[in-house]
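Asker: Here's the letter readout for the chains.
Protein chains: 2
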Amino acid sequence: MKERLILVTNDDGYDSKGIRAAIDVARRFGRVVAVAPETVQSGMSQAITMYNPLYLRHVSHDEQVDVYAFSGTPVDCVKMAFDYLMRGRRIDLVISGINHGSNSAVNVLYSGTMGAAIEGSFYGCPAVGLSLTDHSADADFTAAVLYGERVVRSVLEGPEELPLCLNVNVPTGRPEEIRGIRTCRQNRGFWREEFFRHEDPRGREYFWLTGEFVNWEPDAEDTDEWALAHKYVSVVPIQTDMTDYRLLEKLRGRFGE
Amino acid sequence: MKERLILVTNDDGYDSKGIRAAIDVARRFGRVVAVAPETVQSGMSQAITMYNPLYLRHVSHDEQVDVYAFSGTPVDCVKMAFDYLMRGRRIDLVISGINHGSNSAVNVLYSGTMGAAIEGSFYGCPAVGLSLTDHSADADFTAAVLYGERVVRSVLEGPEELPLCLNVNVPTGRPEEIRGIRTCRQNRGFWREEFFRHEDPRGREYFWLTGEFVNWEPDAEDTDEWALAHKYVSVVPIQTDMTDYRLLEKLRGRFGE
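Chains as they are written, first to last, in this note's numbering: chain A, 1 to 257; chain B, 258 to 514.
Same shape as in the complex, but just chain A (with noise of 0.2 Å):
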């Protein structure tokens, strides 16, 4: 059999502790070319870079794994990726991660990880994003390193190939302390937020983007949410149809059609 190639990459940045996490789960299962950005990016969602140009650094290479860093968002690095680094080659997964921070429910939006993984499955390929709900730059990767694998591997041998994107949350705490994994849904919830107000050297007022997560279900047993408060990984697939079908036809005629 051919040898698997595995793209990794990350919105924390090419050099942070997650990434050298997910490179450890990534070579257990082939060839590792990892993508990653020059700097920090989390939170940067799916935004691509349009008016500036992108540098690309090769930052490493041994027998198994090579490193490069890309001066875009998370999305820019799988696009270089796909349409450059390996254009015309089979790329098998995409593993996105591993991140210092959860990214469940509504975090799916804004996260860079996340990003990085759903532009991985438009290209045809499994993705799976992993982020560990700890935002330490020091945090202990053990479990998610160990679910990280399992989920993986199932993935990659299960019974049926799926072009499938992935959102894997891994509690803190040692792999004991966890209780297993459960495919969930998104939960419903939005950050409500508040601004640090300060005011720089020169007089000018300047604010820090603070928030909280307000939880809108947060007795449902069927959430990512409930799953992580409760020691469980959660999984939750991804789909990119934004479309509110529901609505859809709720507002047939109402334009005037």
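These are computed hints drawn from the structure, not numbers from a lab. Be aware that a few hints might be false.
[What the hints assert, rightly or not] DSSO-like cross-link-like pairs, simulated, lysine-lysine; straight-line CA separation at most 30 Å:
# : chain 1 : residue 1 : chain 2 : residue 2
1 : B       : Lys507    : A       : Lys231
2 : B       : Lys274    : A       : Lys250
3 : B       : Lys507    : B       : Lys274
4 : A       : Lys250    : A       : Lys17
5 : A       : Lys2      : B       : Lys488
6 : A       : Lys250    : B       : Lys488
Dock chain B against the given chain A, drawing on the hints supplied.
Answerer: Quick look at chain B alone, frame taken from chain A:
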């Protein structure tokens, strides 16, 4: 009746021609507060600014319109409006646009215009993203203003108030060339990129991202792409649950639950 309060934002920046067209639509329905990016934020998706302070600047004031420039993303602008500038006040509608360029099909995911509209809808407020399929800085917004007004009137004065988010795209052309409005679903397709490679004066290679949209279903008459190609205004109602429910059923038990 209390005067309506309408938030206008965009991704092309506070002084683009398109936002002036959006303000022109909005002022027909109430008092307008525009909070828009200082600089071009095209392709910024639903990105938020996590690691930089943000500067707010009051650009202009007249009896009906206030304009603020904010140094963040389109979504940051919406959050600033709801959670700081107009905290505690009822905002009746968000208009995002009018974008210089189409946001049909999968572009809804990359679009800063639609990122802002979606964010507005998270606050329980109806939100309309308006885009014109013309990228040029001096695009003719006459038809977009006309149809934008028609859609907004229907949202604000229609038979039922809906907490909805609409992705409205207007084809280029004079109003008399446009055949009406169609309520559509999001077209399936994606962008295949080509990277233009150059060298800077110091010999470092850099890339420009450029691409071509590949339409996977050019003949489907119920999509936004079809509507625009046939000179209709497309209206796609937007939802934000990314869960793939069909796949969710398929995956049950897959990960050893």
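Asker: Going through the earlier hints one by one, which of them does the structure break, listed in rising order?
Answerer: 2, 3, 4, 5
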